[in-house]
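Q: Since chain A is already given, all that's left is putting chain B on it; use the hints.
Protein sequences appear in the order of chains A and B. For the first sequence, the residue numbers in numbering that gives the first Met the number 0 are 0 to 188. For the second sequence, the residue numbers in numbering that gives the first Met the number 0 are 0 to 188.
Hint data in this document are derived by calculation from the structure and do not stem from the laboratory. Fair warning: there could be bad hints in the mix.
Because identical chains share one entry, a pair is satisfied inside a single copy or across any pair of copies.
[Claimed, not checked] Within a straight-line C-alpha distance of at most 27 Å, the following computed DSS-like cross-link-like pairs (lysine-lysine) qualify:
1) Lys136 with Lys80
2) Lys80 with Lys20
3) Lys163 with Lys136
4) Lys4 with Lys20
5) Lys80 with Lys163
There are 2 protein chains.
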Amino acid sequence: MERLKEAILQRGSVRGQDIVKVDSFLNHQLDIELMDAMAQEFAVRFAKDGVTKILTCEASGIAIAAAVARIFQVPAVFAKKTPSRNLDPDCYSADVYSYTRQQIYQIRVSRSYLGPDDRILVVDDFLANGLALLGMKSLVNQAGAYLVGCGIVIEKGFQPGGEKVRSTGTRVESLAVIAGIENGQIVFA
Amino acid sequence: MERLKEAILQRGSVRGQDIVKVDSFLNHQLDIELMDAMAQEFAVRFAKDGVTKILTCEASGIAIAAAVARIFQVPAVFAKKTPSRNLDPDCYSADVYSYTRQQIYQIRVSRSYLGPDDRILVVDDFLANGLALLGMKSLVNQAGAYLVGCGIVIEKGFQPGGEKVRSTGTRVESLAVIAGIENGQIVFA
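Extracted from the complex, chain A is given alone in its bound form (with noise of 0.2 Å):
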């Protein structure tokens, strides 16, 4: 997606060899209209798939999410990342290792939001090493729901997780995949 490109070079910014900072317009700043225009580009790659909600992960998952479920018109969930006394202690959950915050955490959703009936579209900023998307894989298979696929914003296709996610038979569309940074420059695939 040409425009999210032009803003990955012209809003975002890298740091050493594999961090590319986006912060000013994607999760920490949110540019509403360029999330908006996301939204709508993934709702055209998902348009015949029947999706039933988006599942997203807290916390920079959530904006892009809610803006993917107002356009199929759908619920968004985005699945609880820590310990909380107000949580239905009823749920579906996976263990998921963070290589940025360098801890495993559980993923969590409540059974009350994902069922056998449920046609997911799983939506999240980032796809690097995969393993937050594998979690939420988990879980929509731990509920019997279908998995329609994964639609992210910005894979790092230079990390293992688009293949591994792929090698699973799962679909994944990603609005802008970077091949590498050489030189301190962002080269797309």
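A: Positioned in the frame of chain A, the structure of chain B alone reads:
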């Protein structure tokens, strides 16, 4: 806001003397249409305040903040709660005690996204003890920005937060105020 109160009564539930669960539409599963209606109501209440930016805290404030930002056509910023190696080290920060999680956490916003020219509307899903709001007020003050006010989806009027925040001279607009829970039933103010 009548439609919200109906949703709380019909789709929410009560646990014990003080917990109102609205997981089904506000902070786990998201009802986007209701979210947009609430955002519209905030937009009406703060229409004349020259809002330049919406501020909230991850995670459950993000969806409503983004919906409000869409109407004002301004960016939304969400304060981060957990340490991340990707966050700009140059940030405003405040300590917040969470009664829900029973721990102190730090909320942080990069200095790039709040500044002295900003007129900030803080938006959050719940107001109970007010500590998250006071933390966000502190971030706004640190940035030298102007705090237009706070837009709250559900205020627990029987807890001290509303009075605490209003006593600082801050305008607080809540779409539903719960006066108390009597015999397991929610009573609105």
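Q: It remains to establish, for every hint, whether it holds in the given structure.
A: So, going through the hints one by one against the coordinates:
1. In the homo-oligomer, the alpha carbons of Lys136 and Lys80 lie at most 27 Å apart both inside one protomer (15 Å) and across protomers (26 Å), since each shortest distance falls under that limit.
2. Taking identical chains as interchangeable, the C-alpha atoms of Lys80 and Lys20 lie at most 27 Å apart whether they share a chain (22 Å) or sit on different chains (18 Å).
3. Taking the shortest Cα distances, Lys163 and Lys136 sit within 27 Å of each other inside one copy (12 Å), while across copies they are farther apart (43 Å).
4. Proximity of Lys4 and Lys20 under a CA criterion of 27 Å is satisfied intra-copy only: 13 Å inside one chain copy versus 40 Å between copies.
5. When the C-alpha separation of Lys80 and Lys163 is checked against a cutoff of 27 Å, the pair qualifies only within one copy, where the shortest distance is 22 Å, while the shortest distance between copies is 29 Å.
In this structure, none of the earlier numbered hints is contradicted; all agree with it.
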